[in-house]
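Fit chain B to the known structure of chain A by using the hints.
These are the residues of each chain, in order.
Protein chains: 2
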Amino acid sequence: MTPLRNILFIMCDQLRADYLGCYGHATIRTPNLDDLASRSVRFDRAYVQSPVCGPSRMSFYTGRYVSSHGANWNRTPLRVDERTMADFLTPMGIEPAIVGKTHIKADTETLGRLGVHEDTVDQRLEGGFVDIARDDGVHRNAAVDGDIAYNRYLRSKGFDGENPWETWANSASGPDGEILSAWSLRNARQPARIPEAYSETAYMTDRAIEYIEAKGDDPWCLHLSYIKPHWPYMAPAPYNDMYGPDDIKPAIRSDAEKDDPHPIAQVMMAEGDSMAFHQDEARETIIPTYMGLISQIDAHVGRILATLKAIGRDQDTLVVFTSDHGDFLGDHWLADKAMFYEPGVRIPLIVYDPRPEADKTRGSVCDDLVEAIDLVPTFLGAVDGPSSHRLEGQSLIPVLHGTGNSGREAVFSELDYGYIATGRELALPATQSVGRMVRTKDWKYVHFQTLPCQLFDLRNDPDELRNLGADPDYADIRAEMQGHLLEWQLALRSRVTETDEDVSSWLDRMLARGAEKSAW
Amino acid sequence: MTPLRNILFIMCDQLRADYLGCYGHATIRTPNLDDLASRSVRFDRAYVQSPVCGPSRMSFYTGRYVSSHGANWNRTPLRVDERTMADFLTPMGIEPAIVGKTHIKADTETLGRLGVHEDTVDQRLEGGFVDIARDDGVHRNAAVDGDIAYNRYLRSKGFDGENPWETWANSASGPDGEILSAWSLRNARQPARIPEAYSETAYMTDRAIEYIEAKGDDPWCLHLSYIKPHWPYMAPAPYNDMYGPDDIKPAIRSDAEKDDPHPIAQVMMAEGDSMAFHQDEARETIIPTYMGLISQIDAHVGRILATLKAIGRDQDTLVVFTSDHGDFLGDHWLADKAMFYEPGVRIPLIVYDPRPEADKTRGSVCDDLVEAIDLVPTFLGAVDGPSSHRLEGQSLIPVLHGTGNSGREAVFSELDYGYIATGRELALPATQSVGRMVRTKDWKYVHFQTLPCQLFDLRNDPDELRNLGADPDYADIRAEMQGHLLEWQLALRSRVTETDEDVSSWLDRMLARGAEKSAW
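Sequences listed follow chains A and B, in order.
Using the working numbering, read the first sequence as starting at 1498 and increasing by one per residue.
Using the working numbering, read the second sequence as starting at 1498 and increasing by one per residue.
Hint data in this document are derived by calculation from the structure and do not stem from the laboratory.
Where a beta carbon is used, it is the ideal one built from N, C-alpha and C, also for glycine.
Everything hinted at is true.
The calculated DSSO-like cross-link candidates involving lysine-lysine, where the alpha carbons are at most 27 angstroms apart (straight line), are: (1) K1712(A) x K1806(A); (2) K1654(A) x K1712(A); (3) K2014(A) x K1755(B); (4) K2014(B) x K1746(A); (5) K2014(B) x K1602(A); (6) K1602(B) x K2014(A); (7) K1746(B) x K2014(A); (8) K1755(A) x K2014(B); (9) K1806(B) x K1857(B); (10) K1857(A) x K1938(A); (11) K1806(B) x K1712(B); (12) K1806(A) x K1857(A); (13) K1654(B) x K1712(B).
Across the chosen pairs, the derived CB separations fall in these ranges: (14) D1970(B) x M1498(A): 48 to 58 angstroms; (15) E1922(B) x E1998(A): 11 to 21 angstroms; (16) A1646(B) x A2009(A): 20 to 30 angstroms; (17) E1998(A) x D1756(B): 35 to 45 angstroms.
So that you can see chain A by itself, here it is in the shape it has in the complex (with noise of 0.2 angstroms):
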């Protein structure tokens, strides 16, 4: 089988699965994005490894569980011998680029203490990416970074001021001029004060596009990682107002919920995103926002992937796009992510493999289980690259092919609510403060260190309703669940530093050193 010379990974910011026409929404607008599945095969149950930005990421971008990485939350150092997907891609001549956001950030300390110097290990900093346009998004409070690209990019079209992202992409300008910020959600359907083709989306597209263009025939993989529709929730024109009230889908939520809820979700509930979004009229201006979001990156990715057609690329490039984790906008009375509810641990996934290997899986729906730690294996797949002992998740090219089915039983997710209001709210130590869901085709089960756990029955309760934590009725599902944490756990692999190459002929290896042991 010819190898692909390119990959085109392009991953969204806290876009949730149910977003897109091609997973089923009656009304959003995603024509490129469901022709481009309509080409794939369109992974209809896949799960991050923790539904907030950074650890999930580090799981996407080492190919490894959270438990193993280690860098538990946004902006976590990650450890210095962890090895990203560029690290694996870079040896084969195959460039690794970054577009956006990746939330990596180095472990300095180690370095520091190594005598690694900075300036020497550029590219080490960013995991091992090339970085052509980072932008991790977010960005407030300028203090924290005002010289970002994007600002420069900003200023240089003539939108001035200390923080153009916040004030010209991130603001609506009100009747009498003044300037009405999208950090107040109740903006959200109002235009951002910039022309659309200067907007984050557009931005990064067209660096992307470039970067795809000047490579000409040298093999890349470029990670293309939007920030939206992420929150702050602002769109530009005409995108703020292509969707309206009407065009929504109703709360999945239950007054049940809300009179007992769980101890994590009493707090979570009670934070300001989420306590808007228990309004009708903020889910009403939110989400049409959200949708309008989703349909501009539509039509960017629709760009690139006319870019790949005209210059060939499209035949040995492989196409994936995806998202870190999804967004509640109001389901089970939650904002944003952060816990385990399909809304947040779902996923958009799309993979597209030109070869004609692939054709008999055009256009098809995989509803096997499978996890974000599974791209790595399918990118170095793609590209016949090496296969690692470090990699926990499973190449999905089988899949592609129609040769084979992920075969996993159950998709694990991670999240540490020391590091946030759950945390101090509950008092929980932070060494216990960790939360981990297991889902197999039927169960969802979520353990919490010193918490209850939450139980849900996918078959009967698919909006999930209803937790059985607690009921007696339940408790051989609860441990048969456990077993899946416990088998899960003991299967991480923390071993890093020798291949299962070097555990399997280590026997060998003393014999031929004469080291054998004593006998009588």
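Chain B alone, transformed into the frame defined by chain A:
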């Protein structure tokens, strides 16, 4: 409380707990260690994190379980960002020195990727220890490293040859002047060719005493890590002849164990060294020498303790005496170690704290469940060092001072059977070859990834002769023990690049930067 200034951390290799006088052995003579115990706390239920040298030692040195540090076999490189006791003590101005065995191997592959040249990180290659006379022992094949310091020492004393470690220190002379190798167990009662004063234990003790005397009033932590009584079993006179067949304890084993063995045990029972120990003649030949090697160590520990006293260091030095794992010596029809029966995983642990606060516990026996990983926190507690979020053990200082107990419900130990004959004979995949033990006061459960489990009722079967792993009457106990394993795994400290304080303070830090989320 006055912090201590020095730490003397004495480790034996392969010394099982019940082969010291103070641990109840009826015939062995260990007067110096018994005397030390009379001034210390003697821990009666101390367990290693792995019953093999390398992984066990990495747990001793890092204060972390094998699942966390990942160095799961002998000479498996330690991840470059793992911190050892040496790394914690060095910044305090306490020099961490090594005499003897560590099995530490640096991850030179990762160092190379980071552009770190080995000659700039000498101490790093030793796990942070200052190399006084490192010697990992068992140098059968001189080609591996004939130029070890002990060989140079032996040659300087006139004991020539390519590998005098083997041909002088671990060989005897036959009646016709021929060399009788200690690799043949039948030679175990013969005296080593070298005089006792040049044997490994004496040599290492000399180096330790020189070091302690030379340090004067400068604070130090000396890890004196004897490589005996580990095989090859051969002692210099008079220790070869100090004990005889009448002095040895009967083997702990039953015919039923041999008739219906666990698959792992079945493979190990059939190995040459185990087969030897099936014969009374072999036990009567080897065990007296094993005991002699222990009495030799006792004598040399006596020299060190006398040195401490002579120079006043007995007043400001924490003294720990322990071992990296045990030795089956024919128990359960096994030689060596590498299974989780008590003679393999239970170790002697004697901790002497000279401060008045420890007066009320002197000479006491503690039957709390404690682990090898408790030593790094104990060291840091003794010298008033900082705690670390990486550490998975807990300080024993409260036990020493009579102000608390270990509070552990269970101890854990792990071993990867993929490296050895068990892996090959049982066709264990390298990714599914690990056994894990959980031991409470009453039960021991051993979980294997693809093999049947073991369960022992330690109250009614303290010799672990009846495996209840498949007995349906004990399903609830097995479930309870699996619950312990799960909670243990889920609490491992995989977040190494951020501290507990980083977690708990995150929200405040974000709020201080004005990065709160949206609201209506």
